[in-house]
Amino acid sequence: TDVLKGELGFSGFLVSDWEAINQVHPDLYTAICLSINAGLDMNMVPYRWQEYMQLLEKAVNAGDVPMARIDDAVRRILQVKLQLGLFEQPFCDTPLEVVGCAEHRALAREAVRKSLVLLKNEGALPAAADLPALLVAGSHAHDVGRQCGGWTIEWMGGPGAITPGTTILEGLRALAGEQMEIVYEPEARFGEARAPLGLVVVGEEPYAEGMGDRLDLSLAPAQVETIRRARQHCDKLVVVLISGRPVIVSDWADEVDGLVTAWLPGSEGDGVADVLLGQAPFNGKLQYEWPRSMAQIPLGSHDDEPQFRPGQG
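Numbering (this note's numbering), first residue to last: 1 to 313.
These are computed hints drawn from the structure, not numbers from a lab.
It is possible that some hints are incorrect.
[What the hints assert, rightly or not] Pairs of lysine-lysine residues, derived as DSSO-like cross-links and limited to a Cα-Cα distance of at most 27 Å, are as follows:
| # | residue 1 | residue 2 |
| --- | --- | --- |
| 1 | Lys-236 | Lys-114 |
| 2 | Lys-120 | Lys-285 |
| 3 | Lys-236 | Lys-120 |
| 4 | Lys-114 | Lys-285 |
| 5 | Lys-5 | Lys-81 |
| 6 | Lys-285 | Lys-236 |
| 7 | Lys-58 | Lys-5 |
Work out the full structure: start from the sequences and follow the hints.
What follows is the structure, given as structure tokens:
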């Protein structure tokens with residue numbers, strides 16, 4: 001209140017995070033008094049909202065929360081609603097058909113094409129137009145949920161077909177047509193199969209907030225094993241990373257011919273396929289250091305050479 005609303009003159013309203021009031025104090029009544037008196041104007045209370053309302057009324061009647069503080073919070077909230085025109089048009093009039101429409105998906109596909117960063121390329125990309133066969137492996141090659149990451153449909157997201165979209169494998173098959181044979185095996189158990197080029201698509205599992213805290217940003221051992229199995233079946237091997245942040249690749253990066261970070265491409269895996277198969281150029285540039293090991297985190301806090309420098313691509 002003193003700094004944001006006082007010194008800085010902030011005229012909007014402050015809203016808590018989801019159920020964050022419970023982190024202020026274990027006793028809900030005390031948490032209500034502390035947070036509102038500190039300047040919080042709106043609390044996100046998803047579960048105990050009826051109890052919250054009763055306790056807040058009790059706090060006001062007891063004088064533990066001044067009525068003037070309630071009036072200030074109400075004024076701030078109503079002021080923003082007026083500025084947004086919510087009293088004249090309280091509901092969105094966008095038809096449901098717009099959600100996921102062809103135009104929006106085309107724009108998302110373009111965004112994916114422009115975001116890929118080529119971290120390493122030793123004559124592997126783009127795939128040759130006359131490529132007779134392509135081997136595809138990896139847990140993330142045919143999984144829209146993993147492409148989307150957290151905050152998709154629900155808080156943590158999740159693997160599988162949780163939302164409409166195109167997987168990277170589906171995008172590759174659609175672009176390749178009949179002239180290129182695509183062999184897909186998630187764990188790269190290709191038997192006697194061999195091809196000029198192999199793609200392994202791996203990365204992190206979907207997460208949100210603190211669930212993504214990890215002491216080691218290396219790929220799971222099973223994913224590294226998939227990369228090494230695929231290496232035995234192709235002349236050139238490219239690994240595509242699906243993650244919202246850098247992962248440690250130093251243990252195996254020298255074993256592959258190409259390395260691409262596709263970040264979290266969301267529902268449009270065909271945008272990744274566009275670039276891998278040469279239908280669009282690599283445009284993305286790395287915006288920060290890519291650590292070689294966990295010892296180089298926080299980024300920029302060391303003198304050692306990182307895995308990749310800003311501007312890579």
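Could you work out which of the previously given hints the structure breaks and list their numbers from low to high? No hint contradicted; all consistent.
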